[in-house]
Amino acid sequence: MASITLEGLKKTYAGDVQAVKGVDLAIKDGEFVVLVGPSGCGKSTLLRMVAGLETISDGTLKIGDRVVNDLEPAERDIAMVFQNYALYPHMTVYNNLAYGLKNRGFKKPEIEERVRHAARMLEIEEFLTRKPRQLSGGQRQRVAMGRALVREPAAFLFDEPLSNLDAKLRVQMRVEIKQLQRRLKTTSLYVTHDQLEAMTLGDRLVVLNAGQIEQVGTPMEIYARPASMFVASFIGSPAMNMVPVEYLATRSTESLLDDLPAGTDVVGIRPDDMHLTPPSTPHLVVESTLALFEAAGAESHLYVRLSESDQPTVIRVSGQPPVREGETLRLYVAREALHPFDSASGKRTGG
Amino acid sequence: MQTKRSTYRHRWLPYLLLAPQLAITLVFFIWPASQAVKSSFERTDAFGFKTTFVGLSNYARVLADPGYLNALGRTAIFAVSVTVLSMGVALLLAVCVNRVIKSARFYTTLLVWPYAVAPVVAGVLWWFLFNPTIGLLPHLLDWFGINWNHRVSGTQAMILITIAAAWKQISYNFLFFLAGLQSVPHSLIEAAAIDGATPFKRFWTIVFPLLSPTTFFLMIININYVMFDTFGVIDATTAGGPGTATMTLVYKVYTDGVAGLNIGSSSAQSVILMGIVILLTFIQFRYVERRVNY
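One line per chain: the protein sequences are A and B, in this order. full-length UniProt numbering applies: residue 1 is where the first sequence begins, and numbers increase by one. full-length UniProt numbering applies: residue 1 is where the second sequence begins, and numbers increase by one.
It is worth saying that the hints were derived from the structure and are not from the lab. The reader is advised that the hints may include incorrect statements.
Computed list of lysine-lysine pairs in DSS-like fashion (alpha-carbon distance at most 25 Å, straight line) [stated by the list, open to error]:
(1) Lys-201(B) with Lys-107(A)
(2) Lys-62(A) with Lys-10(A)
(3) Lys-50(B) with Lys-38(B)
(4) Lys-108(A) with Lys-168(A)
(5) Lys-178(A) with Lys-168(A)
(6) Lys-201(B) with Lys-102(A)
(7) Lys-108(A) with Lys-38(B)
(8) Lys-347(A) with Lys-21(A)
(9) Lys-131(A) with Lys-102(A)
(10) Lys-10(A) with Lys-21(A)
(11) Lys-131(A) with Lys-201(B)
(12) Lys-131(A) with Lys-108(A)
Here the structure is a predicted model, which means the values were calculated and not measured.
Let's have the full structure, built from the sequences with the hints guiding it.
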């Protein structure tokens with residue numbers, strides 16, 4: 001158990017390509033932190049730097065109180081779960097779990113006990129004598145987790161561990177990872193590009209973009225107050241709608257736009273913050289033609305056009321409202337549901 | 001399973017396209033091999049006037065000949081030494097090249113060159129290098145107090161043909177090992193590094209077991225190579241001498257048949273040689289393959 005501290009961590013590749021441009025982050029002991037961002041944002045590189053699989057170009061990395069910049073992966077007391085599981089194909093599940101313990105000179109009875117314990121916890125006891133190729137995707141995933149937890153490391157590192165599973169199994173494993181982490185209270189750093197996975201798993205999220213941190217916070221903080229347009233459109237599905245203030249001003253029947261913070265030229269509106277009935281709080285009313293209606297069971301998605309761009313605006317409503325494509329809708333948006341942004345800097349305005 | 005099917009407009013076109021390959025196999029393999037099998041049951045008189053069917057007596061005589069049994073043992077030692085030496089060196093080189101990123105292609109090109117050298121030329125090359133009178137290596141070995149003369153010492157002659165034969169095969173083995181190493185997923189090695197395995201241990205517990213299909217395949221190829229294709233190397237370096245110290249099975253087939261004109265015995269020997277190789281390949285596929293991982 002330990003904290004992980006990143007101070008000005010940088011990764012520069014040959015030819016002056018900066019993959020990670022100075023990241024500061026303090027992960028508390030026992031905390032579950034999720035690094036989330038689009039592909040190529042440097043999240044995997046950052047995780048691999050913590051693991052010791054990539055060298056650190058600049059900055060300081062501490063696990064606990066130790067500076068581990070120049071330590072081998074094995075000496076950092078971490079365990080990693082790889083995207084493709086990286087199970088040793090020629091070893092049985094038992095030996096896959098025992099390999100790290102054997103290398104560290106554990107005695108046979110102790111290895112046996114730890115492997116059995118981990119196998120019981122992950123419900124893979126019956127597979128201990130099998131080879132990885134005889135297991136299903138979900139079972140392999142469990143073995144990969146087992147290999148990480150038998151060593152009882154100071155921290156778990158997860159590199160998109162669920163991306164090779166089908167949708168149903170992914171949800172199930174997500175819950176299991178969360179429960180396991182809660183039970184073991186081991187500091188965890190988890191990389192994913194799936195915002196839903198990030199939201200549900202993390203105690204705190206770190207949203208990365210182009211090698212830099214965009215925002216750090218609890219999932220609900222980030223959802224409720226995205227610090228930039230990037231975060232706003234990345235977290236939440238369907239993505240937050242971005243509507244130019246100018247356009248909104250011409251369409252809205254009431255002017256509540258005047259008290260937006262200075263510098264605001266775009267407002268973000270979450271799809272579920274646009275309603276077909278007026279709320280009791282101060283609100284905007286916007287009129288627009290329904291371009292497309294999508295019924296998705298418990299909810300429906302309505303597509304309207306609120307700007308000249310090609311990006312349609314999405315509205316999410318529960319159930320199936322009695323609307324027809326082509327008809328003009330009156331949309332109500334509560335004042336506090338408007339997220340003000342400055343499109344030039346991409347940042348949230350008004351602090 | 002889907003099979004690829006091609007349709008030809010004329011019924012005979014596929015056969016016509018196959019014909020060159022079939023003709024070559026027929027003329028240069030099937031025909032001589034069947035001739036060998038046929039003449040292994042026959043005896044020809046000294047002037048070649050009369051050929052009589054003698055049943056298995058050629059085989060009986062060959063197998064009772066101490067000279068032949070010696071050659072058999074010698075060939076076994078030769079085969080094992082060449083295979084171990086050429087595969088060992090090739091694996092070492094492949095591991096080294098696999099570690100360098102920038103100049104890997106350059107080294108690969110250099111290391112593949114020996115494969116383009118004809119066996120006889122390779123033999124001549126090593127013959128020069130180890131020549132007791134004018135060679136460079138005996139001169140150097142002399143400093144260490146080793147008196148090199150493979151014309152006198154049978155052991156030294158064996159070492160010479162082993163090195164010469166192995167040298168040629170290293171290129172081939174190297175290419176396969178390099179390809180094998182590159183197909184080992186990098187994440188496995190990283191996982192092993194996190195699991196606390198030293199680079200040495202990573203190699204022997206992860207990489208080498210994963211290479212076993214390649215190793216197994218190369219073992220068969222190398223033994224077949226030693227059995228059949230080392231004639232040129234031996235002929236150019238020691239010609240089976242001194243005495244019969246480097247007389248392997250394939251060289252004995254040549255000596256008895258072409259030089260000694262004992263066609264019956266020579267044919268019987270080559271049929272036995274063919275049998276040995278078929279048997280070895282069978283044994284390897286049947287038993288060794290079971291222990292090969294994935």
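How the hints compare with the structure:
1. Simply put, Lys-201(B) and Lys-107(A) have alpha-carbon atoms about 18 Å apart, close enough for the 25 Å limit, and the pair holds.
2. Under the criterion of a C-alpha separation no larger than 25 Å, the hint pairing Lys-62(A) with Lys-10(A) is consistent with the structure, at around 14 Å.
3. For the hint pairing Lys-50(B) with Lys-38(B), the CA-to-CA distance comes to about 15 Å; that is within 25 Å, so the pair holds.
4. A distance of roughly 38 Å separates the Cα atoms of Lys-108(A) and Lys-168(A); the hinted pair therefore is violated under the 25 Å criterion.
5. Only pairs whose Cα atoms come within 25 Å are accepted, and Lys-178(A) paired with Lys-168(A) is accepted, the gap being roughly 16 Å.
6. With a C-alpha separation of about 11 Å, the suggested pair Lys-201(B) and Lys-102(A) falls inside the 25 Å cut-off, and the hint holds.
7. Distance check on the hinted pair: Lys-108(A) and Lys-38(B) sit about 63 Å apart at the alpha-carbon level, beyond 25 Å; violated.
8. Under the criterion of a C-alpha separation no larger than 25 Å, the hint pairing Lys-347(A) with Lys-21(A) is consistent with the structure, at around 19 Å.
9. This hinted pair checks out: Lys-131(A) and Lys-102(A) have alpha carbons roughly 18 Å apart, not beyond 25 Å.
10. At most 25 Å may separate the alpha-carbon atoms for a hinted pair to count; Lys-10(A) and Lys-21(A) meet this at roughly 5 Å.
11. Distance check on the hinted pair: Lys-131(A) and Lys-201(B) sit about 21 Å apart at the alpha-carbon level, within 25 Å; holds.
12. Restraint check: the Cα-Cα separation between Lys-131(A) and Lys-108(A) comes to about 21 Å, which is no more than 25 Å; the hinted pair holds.
In summary, the structure is inconsistent with hints 4 and 7 from the numbered list given earlier, while agreeing with the others.
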